[in-house]
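Asker: Residue numbers (full-length UniProt numbering), protein chains in the order written: chain A, 1 to 388; chain B, 1 to 388; chain C, 1 to 388; chain D, 1 to 388.
Each hint should be verified, as a subset may be incorrect.
All copies of an identical chain are treated as equivalent in the list; a pair is satisfied when it fits inside any one copy or across any two copies.
20 angstroms max Cα-Cα, derived EDC-like pairs, lysine to aspartate or glutamate [claimed, not checked]: (1) Lys280 to Asp30; (2) Lys50 to Glu336; (3) Lys178 to Asp193; (4) Lys151 to Glu263; (5) Lys66 to Glu96; (6) Lys375 to Glu96; (7) Lys66 to Glu94; (8) Lys209 to Asp89.
The hints are simulated quantities; they were obtained by calculation from the structure and are not laboratory data.
There are 4 protein chains.
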Amino acid sequence: MNYITAGESHGPQLTGILEGFPAGVLLDIDEINRQLSARQGGYGRGNRQKIEHDTIQIVGGVRHKKTLGSPIALVINNIDHAHWANIMDPVATETERNTLRKVTRPRPGHADLIGGMKYGHRDLRNVLERSSARETAMRVALGAICKQLLKQLDISIVGYVEQIGTVKALGNRTTDTKEIVSEISQNDLRIIDNQKVAEIHELIDEAKKNGDTLGGIIRVVVNNLPAGLGSYTGWNTKLDAKLAAAVVGVNAMKGVSIGDGFETAGQFGSQVMDPIDWHKETGWTRTSDNLGGFEGGMTNGMPVVVFAAMKPIPTLYKALQTVNVETHLQQKANVERSDTTAIVPASIVIESVIAIELAKEILNTFEGSNLERLKKQIADYRQEVRDF
Amino acid sequence: MNYITAGESHGPQLTGILEGFPAGVLLDIDEINRQLSARQGGYGRGNRQKIEHDTIQIVGGVRHKKTLGSPIALVINNIDHAHWANIMDPVATETERNTLRKVTRPRPGHADLIGGMKYGHRDLRNVLERSSARETAMRVALGAICKQLLKQLDISIVGYVEQIGTVKALGNRTTDTKEIVSEISQNDLRIIDNQKVAEIHELIDEAKKNGDTLGGIIRVVVNNLPAGLGSYTGWNTKLDAKLAAAVVGVNAMKGVSIGDGFETAGQFGSQVMDPIDWHKETGWTRTSDNLGGFEGGMTNGMPVVVFAAMKPIPTLYKALQTVNVETHLQQKANVERSDTTAIVPASIVIESVIAIELAKEILNTFEGSNLERLKKQIADYRQEVRDF
Amino acid sequence: MNYITAGESHGPQLTGILEGFPAGVLLDIDEINRQLSARQGGYGRGNRQKIEHDTIQIVGGVRHKKTLGSPIALVINNIDHAHWANIMDPVATETERNTLRKVTRPRPGHADLIGGMKYGHRDLRNVLERSSARETAMRVALGAICKQLLKQLDISIVGYVEQIGTVKALGNRTTDTKEIVSEISQNDLRIIDNQKVAEIHELIDEAKKNGDTLGGIIRVVVNNLPAGLGSYTGWNTKLDAKLAAAVVGVNAMKGVSIGDGFETAGQFGSQVMDPIDWHKETGWTRTSDNLGGFEGGMTNGMPVVVFAAMKPIPTLYKALQTVNVETHLQQKANVERSDTTAIVPASIVIESVIAIELAKEILNTFEGSNLERLKKQIADYRQEVRDF
Amino acid sequence: MNYITAGESHGPQLTGILEGFPAGVLLDIDEINRQLSARQGGYGRGNRQKIEHDTIQIVGGVRHKKTLGSPIALVINNIDHAHWANIMDPVATETERNTLRKVTRPRPGHADLIGGMKYGHRDLRNVLERSSARETAMRVALGAICKQLLKQLDISIVGYVEQIGTVKALGNRTTDTKEIVSEISQNDLRIIDNQKVAEIHELIDEAKKNGDTLGGIIRVVVNNLPAGLGSYTGWNTKLDAKLAAAVVGVNAMKGVSIGDGFETAGQFGSQVMDPIDWHKETGWTRTSDNLGGFEGGMTNGMPVVVFAAMKPIPTLYKALQTVNVETHLQQKANVERSDTTAIVPASIVIESVIAIELAKEILNTFEGSNLERLKKQIADYRQEVRDF
């Protein structure tokens, strides 16, 4: 399984192709749209989200809602493109009028300056249109499809927010995904601890008033993965490493940890490892899950727990210091419409990319041409592992 | 550029092949051996390191010390194999005698149990021989070769220890690699802050006495990378994501961050971004480096800074609780000879894998068939970027 | 550079994404459409081509006709989908009415039967909709874009027909692409030898009358590729091998040869090799081109010549013997609307996939982020090779 | 599954690493050596084969003859290296004496000239040492291991010679691999038709006398592959295309065909396709095998038949015209010790690379961590396909 996305933030559409997905999966289209909608929500978002109401169009690889085994092609139209039709027209000839909104004051923290250097763009709009987090809408749609596959294999996943700016909302750190989903649906911050909502709202309001922005920390939990996904045998076969790449591959992510991560660095070995246990009825298990469900780069059958650290959004209304690429004079950076914090949607994006990566590993491991065969093979495998 | 390694911990040798490396690089063999030797050092190591004195043999891709452009084949002999010749013989027929040291009590935190399940091994030695960190010796050798290429391109890199167990030794967090190398060579902990040496020695001694183990945190700094390595255009083209995978792909690594990483999650946008500056003589620069030299998944010309969190070694002399895979009875885990902490060698391994990943990105970006052409192309590119 | 395509033959559209293409290439949209139109032409085509008039839509990666360096997304609408809207609706619920045209009599020579087994489809339409050569329209569009890049690098390419059924039309086997283009545009068979047109028309008419089909042989010539693309150093780095895969990866292709190919097998070494020559003004050259421009898996600066053998189309109006997958009874195979021969369009498809593969190799070899830098680097490289 | 090889023709050794091979395969080491020995045989070979007596050393991934699931590392020592120890020393400093045998007269048809240009070598020995077909010894060893896996899955394969120079020895073109193996072992040409042996010997003797060389055509037959390997869904998922690349990736191969290949181009569709049949006891089959066991890029359950066209060896004792790279003056090409024809060993090499590619496809398709699970999954799959 693999995927590519294309599309600019204010271009006509986002396009995604997912290849190697099994035939025979009956897709719940509404559920994909619910995920897209959730990505547009959250306290602290800007006005763009009021313009877009993302819905998915399926234009390949699916017939009568069922996947065909051929590549799945997805489209999300950019409703905002109507306002940018000239400026972002793919095929109109360049004119003075349609190049008016040239961006020449690169925003620190964004790809603007370096993208311009690398690709030879003097109008940095040519960079930011692609480097924009708008692209993650497509990853959420692709992730929604992968989550429907995981669900068929009895695997559940949720990503949510644990920290916004300096305020932590850890809750009880359960690994019960059902409980987590229930908790986080009770507020507009996708956090477990409802008590912290008011404090965080205030922090976001304050940041917004100051033209400033906020980042945060995301936690993802995955339940019931078969043990033994990934492998210790090669430097590039470890599944936790692939998850780390998927996380840092999302806009604004600056850190990732598996299980207790950086905390384990300060503990003794006797505190960190998860003792092995076995019961006749249920097979092999652990009495703790400090390692986040991974040993030797392989899933160990315990819940997978991944953390992602998101930097604040680099587009500040209180603009940062920069240098104009045309004049080489110091100026304030360009201000593109933006959010105060995108941690809530980012938690869905991270959930999505981890779902994609896990589906990919499962499909690259087992014969995944069609769902029924895949289910049968994984059931056999689970039984074999239980009987070890 | 790409590489594969092979070899078991007590097998005859480690083998590595590096393909796509430029022709015309004059290798400093002694320097490769110095890196191997450094990996064997550090306070808190066990007895294995007294047996092995790793040196590299080059058996392909090099003639009269100069690389040929063909795949480079490396060998590190396992001196300890002499003691394991029967038990680990690749081609002797299995007998009762040569399978005596069967491992049946999987160590929590290691690949033992899950590797056994996945590959169908009832003797878990078949797992641990490969999942052992012994393999990282080859990655250090490959990294040493890549570092010699980076040096030819005026890129310097160093990885060192910032924290062992609970004790931090941050120093001044300079990004001057020369200064760092000078500082860390003054102690056997590869730390900057000499004042902390005694305290850490004590901590390690204490852990050892208790049959316990320690992890830590590693910092890597890279200087003078050209701006624009990596790309924002795709989910899998971001170089920081590739570095994250390389780090988590090293044994025992549970977390990675780029620049200030998890700390940026708790800061305001105005504190985090690195303002853009420009000077006629030197071109584009930043007035800070909080983002660790990456924007939009691309190097931005500032020092690259990466942190890695290592869990404590999972082999404890005070053995953990486990279950015997033959009897399904609870027992103490197997004890394989091991270190109290491997954070010092791990800092060299992390330095090495980041060097490999950077060399790979450079060679996949530019025409890297031979060194002179590569140098010329990168010099042209640097000039172009400076003139932007 | 890489690409994926998606889309079913009677689905709403074909979708393609091309990633890693340089920024700054001014696209000639009309030229892309001309290629699509050429693919629909040729003597011996069926009625589908009268329905479709393929034109390209660009929905990503291009702004004001110029490539951005971000992934390029292309759409070709299936006009025929209007007649199949219910049957091929991606998201309508399955009903008795929209599954009427079930295919149960697999056509020998097509993917029908095996695709059904592999993906678990009892309605073989789910296979043939994707395995159809309709998909090659998108490869022609992608190839047209790659050819515009090659043109910028002064590389010319043409694919044409040398044999249809038993009738050969070899002409003088020139490697002058301009001359070839001029010759083949004078008939509807894309052959060089106008004298053979009548004979071939007759053969096609005869085959059509008999409900039979024809294949043929295609020749592709590429001029002015830099010497040294590809490499002898690894089993998977040889460019001629990649071209072979690209050719056989096109529907109905059963053979490929580089230069004189199978003929060289019957000759003496002294007849086959291309003697090396050198002139002060022009540098290195050869006095013949029997090896089709490749030595050691690398381009050698001579014209690249590739042949492709296409089997006849497996959809016969005089239907072949098969077995119904529902009843297991012998029957005549399903007849889907089809051509008598598709050798003319196939010659454009083969030209396209070779153009794609060559562009890919060039972009994977040189720093190809933007066109100007790429042109400069290749010019430097050509000079270096000339001065060898 | 994947592999890399390294090593120069007169360097100390060839090295190969095979990753992703299942655990639990009991290797027959003698059988690997027999394959290596067979590759050294055949009428028309030069003196090098009398020096080398290739045998395999296994230095990783195997314990007590059983594969571990970790990467398998192989070594073949170059006995001839003893005579070249100074000249090809990897780590000795360059001196006047150890660079005496400089090659400056590139041989047409070999990689010499272009390799020199690409990698910047003025001593073309640096090219020819790697581009030499000596490297294929390692591919034969790797292929021997893959063939042992195929055998465990009841898949048989054989490659042999059908034509040498102008003399064809087609025999009855059976697809019975047992029968073929029996026939070809009766002569030193690896041909089926014993009647042709004398004629071919004479041809080879004649060519040798003239300082000339010969190529030929190879046929490979594979029996009992499961139907449905490969896929029609993408341009790069077709297994026949991968086989084509594997074939052309072998030194001197200039053409490849699947089944009747180029012949099908001249036939009617009604003659080419393989009618589908079904029997209660045996399931689905065909009444002919003109398409070489492939439809839609997938195996269709019939014998796979692949042809490879090999050009004559480009090293001629009657040396070809060339130009000295130091003086730019016309000269006779360098003469390196060589064979009159290498078609016999090449037939084993082609058999080997096809075995590797098929094992790779099987392991990338099914869960191949250990042999027993793989056997079980493939048995289930075969049953499912039979019951379709």
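Asker: A separate judgement is required for each hint: does it hold in the structure or not?
Answerer: A quick look at each hint next to the structure:
1. For the homomeric pair Lys280 and Asp30, neither the shortest alpha-carbon distance inside one copy (41 angstroms) nor that between copies (44 angstroms) is at most 20 angstroms.
2. In this assembly of identical chains, the alpha carbons of Lys50 and Glu336 lie at most 20 angstroms apart only when taken from the same copy (16 angstroms versus 48 angstroms across copies).
3. For a Cα distance limit of 20 angstroms, the shortest separation of Lys178 from Asp193 inside one copy, 15 angstroms, qualifies, whereas the shortest one across copies, 47 angstroms, does not.
4. For a Cα distance limit of 20 angstroms, the shortest separation of Lys151 from Glu263 qualifies neither inside one copy, at 31 angstroms, nor across copies, at 34 angstroms.
5. With identical chains, the CA atoms of Lys66 and Glu96 are at most 20 angstroms apart between copies only, with a shortest distance of 15 angstroms across copies and 47 angstroms within one.
6. In this assembly of identical chains, the alpha carbons of Lys375 and Glu96 never lie at most 20 angstroms apart, being 58 angstroms within a copy and 27 angstroms across copies at closest.
7. In this homomeric assembly, Lys66 and Glu94 come within 20 angstroms of each other (Cα to Cα) only across copies, at 9 angstroms, whereas the closest approach inside a single copy is 42 angstroms.
8. Taking the shortest alpha-carbon separations for Lys209 and Asp89, neither the intra-copy value of 35 angstroms nor the inter-copy value of 49 angstroms comes in at or below 20 angstroms.
The structure shown violates the earlier hints numbered 1, 4, 6, 8.
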